[in-house]
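Based on the provided sequences and hints, a complete structural model is requested.
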Amino acid sequence: MNKQLVAGLFFCLLPAVAIGAQYDITVDKVQIDTGDFVEEGIGYNGASPGPTLRFKEGEVATINVTNNLDEMTSVHWHGLILPFEQDGVPGISFPGIKPGETFTYEFPIAQAGTYWFHSHSGFQEPNGAYGAIVIEPEDREPFRYDRDYVVQLTDKHPHSGDRIMRNLKTSADYYNRHQQTVGDFIGEAAEQGFFATLKDRLMWGGMRMMKADVEDVQGFTGLINGKGPAQNWTGLFKPGERVRLRFINSSAMTYFDVRIPGLEMTVVQADGNNVQPVTVDEFRIGVAETYDVIVRIKDEKAYTIFAESMGRSGYARGTLAPEEGMEAQVPELREAPLLTMADMAGHMDHQGMDHEAMGHPAMNHEAMDHAAMGQREVADEGMNHEMAGMDHAGMGHSSGNALPTDPFYASGSGLSPVAANGGKFLSYSDLKAQHPLYEERDPTREIELRLTGNMERYEWSINGIKYEHADPIVLQYGERVRFKFVNETMMTHPMHLHGMWSILDVGEGKWNPLKHVISVAPATTVYMETEVDAPGEWAFHCHLSYHAAAGMFRKIVVEGGPEQRGGNS
Amino acid sequence: MNRHTFTERTLIFILATLILTTPALAEEISGKETQTARTFWGLAAEKLEYRYSDTDEELAYIEGDAFYGTDELKLRWLLEAEWDKAHSAWETLENQFVIQTPVSEFWDAKAGLRVDTPKGQNRRYGVLGLTGLAPQWLEVDTSLFVSDKGDASMDFEVEYELLVTNYWIASASFETRIAFHEDRETGVGEGLNHTETGIRLSYDLAYRSFSPYVGVVHERQYGAAADMTEAEGGDTENWFAVIGARMMF
Chain L
1 MNKQLVAGLF
11 FCLLPAVAIG
21 AQYDITVDKV
31 QIDTGDFVEE
41 GIGYNGASPG
51 PTLRFKEGEV
61 ATINVTNNLD
71 EMTSVHWHGL
81 ILPFEQDGVP
91 GISFPGIKPG
101 ETFTYEFPIA
111 QAGTYWFHSH
121 SGFQEPNGAY
131 GAIVIEPEDR
141 EPFRYDRDYV
151 VQLTDKHPHS
161 GDRIMRNLKT
171 SADYYNRHQQ
181 TVGDFIGEAA
191 EQGFFATLKD
201 RLMWGGMRMM
211 KADVEDVQGF
221 TGLINGKGPA
231 QNWTGLFKPG
241 ERVRLRFINS
251 SAMTYFDVRI
261 PGLEMTVVQA
271 DGNNVQPVTV
281 DEFRIGVAET
291 YDVIVRIKDE
301 KAYTIFAESM
311 GRSGYARGTL
321 APEEGMEAQV
331 PELREAPLLT
341 MADMAGHMDH
351 QGMDHEAMGH
361 PAMNHEAMDH
371 AAMGQREVAD
381 EGMNHEMAGM
391 DHAGMGHSSG
401 NALPTDPFYA
411 SGSGLSPVAA
421 NGGKFLSYSD
431 LKAQHPLYEE
441 RDPTREIELR
451 LTGNMERYEW
461 SINGIKYEHA
471 DPIVLQYGER
481 VRFKFVNETM
491 MTHPMHLHGM
501 WSILDVGEGK
511 WNPLKHVISV
521 APATTVYMET
531 EVDAPGEWAF
541 HCHLSYHAAA
551 GMFRKIVVEG
561 GPEQRGGNS
Chain U
1 MNRHTFTERT
11 LIFILATLIL
21 TTPALAEEIS
31 GKETQTARTF
41 WGLAAEKLEY
51 RYSDTDEELA
61 YIEGDAFYGT
71 DELKLRWLLE
81 AEWDKAHSAW
91 ETLENQFVIQ
101 TPVSEFWDAK
111 AGLRVDTPKG
121 QNRRYGVLGL
131 TGLAPQWLEV
141 DTSLFVSDKG
151 DASMDFEVEY
161 ELLVTNYWIA
171 SASFETRIAF
181 HEDRETGVGE
191 GLNHTETGIR
201 LSYDLAYRSF
211 SPYVGVVHER
221 QYGAAADMTE
231 AEGGDTENWF
241 AVIGARMMF
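Just so you know, the sequences run in chain order L and U.
The first sequence runs 1 to 569 under the UniProt record's numbering.
The second sequence runs 1 to 249 under the UniProt record's numbering.
Calculated from the structure, these hints are not laboratory results.
It should be emphasised that the depicted structure is a prediction, and the values quoted were computed from it without experimental measurement.
Careful: at least some of the hints might be erroneous.
[Stated by the list, open to error] Sample of chain L residues facing chain U (criterion: CB under 8 Å; computed from the structure): (1) Lys169; (2) Tyr174; (3) Arg177; (4) His178; (5) Phe194; (6) Leu202; (7) Gly205; (8) Gly206; (9) Arg457; (10) Asn463; (11) Ala548.
For glycine and all other residues, C-beta sits at the position ideal for the given N, C-alpha and C.
Structure representation (structure tokens):
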């Protein structure tokens, strides 16, 4: 056969190849070496993280997933818009993949950007079952770069997911080693006076809440693309290049504050969607979010990618360097933040008013109006007193350094982020869509979702109801629903809606950004809108693995639609 | 006869509760499939220690706890036992089998059966208790017991953990038993029987799974209970040096 004929045949076949991308993925037990410890985990194609899947917008993806475990598995394509049967949530979208079975996912790639995939079965995801997805757009990108890297952040823990959950249920503060100690008391008393400190401790102790409740699960090693801080994942560049970094937070429980000392980062994409570029010194990436940033590197030297956990209990570290083996200085972890009374406001509302004093059913209706009003004032007053009392003692902390206000944190919150170099820290308010995907229109209705929990019992719920006891949220195809998240807990929750976009309300109308995860800080109210354009049954949950497992999870049923598929509603 | 009726009733109550709660616990399978978890178990020895008294008495002591269940309902086995080296016998050996359910944000109610099989007289009791977290992080556990002979008594335990550092923990504990009736065969007198006050300093060596400690325990008997002990030639007040470990799996 001559070469020309072979070439001719090859080009004839090319179009057939171009319409679809096919991947074979095996789900395996793997050894995960973080540099600090080696643990058995779960990975894809023999490794954790699994392979980076690359697609082009408009093609059809075919992915054969073979389960080599001795338990059920599943793969969820996080952030992808696809038919619900392909979404990979066992018990909602499909039955799951049995041991030894191969399941073929097939769906059109309807978007571009950076996403990821992970198991939605048991605790396989915290155990290592995740990988990255990169989708090239049909049209050219609205920004320029010379090379790009996936920077997948994870938090590998020496304990298995099952064990972590069990320990949290036995003792909710099992993994919290940032609690306030006798030494802290003495230090604070010296600074602020003994009685003020005592009063502060008694106030928090009276509510049985902890200022140090920022991170549920500490003791992990932060990884970048599967490499621990000592193993130092390195991305190479040539001076003068623009490098696109596709940050993906695939950790089970950890928010990271990311910076590259010496470089400014231009955020061009959030959760896979192009945003109007904003240049920052640092950004916080919630669990399951993705941010694409472009850095322009002029000097021929190494730079550290430093991702500190929000509670400062661990970090991930990697390097950008002109050649392999170069390193830059690794910063120290900053001081661990403490929650303030501002972060507790939501909890107090919930506890003091809704629940006990008022008695919801009695309050709601006409008979109570007259009498109840008075009662309510009393309750309010009672609370104000307490709040006033707290101001002196509890807030002393933050009143010294005036924190920049960010509407996505409670005013005076201990979690309000500040850039290490004093520069610009990305806020949700900075995110504006590059090209709005939907026509702007008024929402058809509002659904209030209170994020609730009981820290002491390690129970997490929505509207006070856990997944196993909750009715699905029913939406109608064609609606535009406005979701109101009210965080009544003291923890930050990354809320993830499957199958449809979450349009985060940053007050920019049609320029509000499209996301798949909305992070809701303690004692804040955040709104998002959703064009209900995907029929079927979808999962909706907090993406902190153990919060989802403990019940902060819902099924969403979309009724109606052009092609009502099977499904039991 | 009276005694049998009571025991049987208690047993029927426990069995009925177990049967009723089993289906709730068996729901797990469907939950596991989709990244949610419903049933949990835990095993702990809050105290596992060797005690040496100021009168050269040597004791081994264990306070253990095992549970299985959901957030709404747990089965618990609580064990408290004291092995006396000199007599090679269980000075006390209490087993409580209870079901436990939340009654408020920080409090659980429990009900079940207590079976005592120490040296000497065995006893069975019905148990009704309240356990939880009081303001200022006081862990409180209190129970009411009614024996198969119709004698009632009450236990009260409170514990506070002070974080010297995030790994060195000083725990102060206090427990007492008050009886409403005398039960001479088991050495229980009417009124305040005894108090046990302890301070232990532990270090979390391997997570919270293994935390060795040293401490001091003061035990004292009162009133009729003390009289009975004195009549037998025992000590009504003891200071112990203790060494042991807290374990949690």
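### Message
To test your reading of the hints: which numbers does this structure violate?
### Response
When the structure is compared with the hints, numbers 5 and 10 turn out to be violated.
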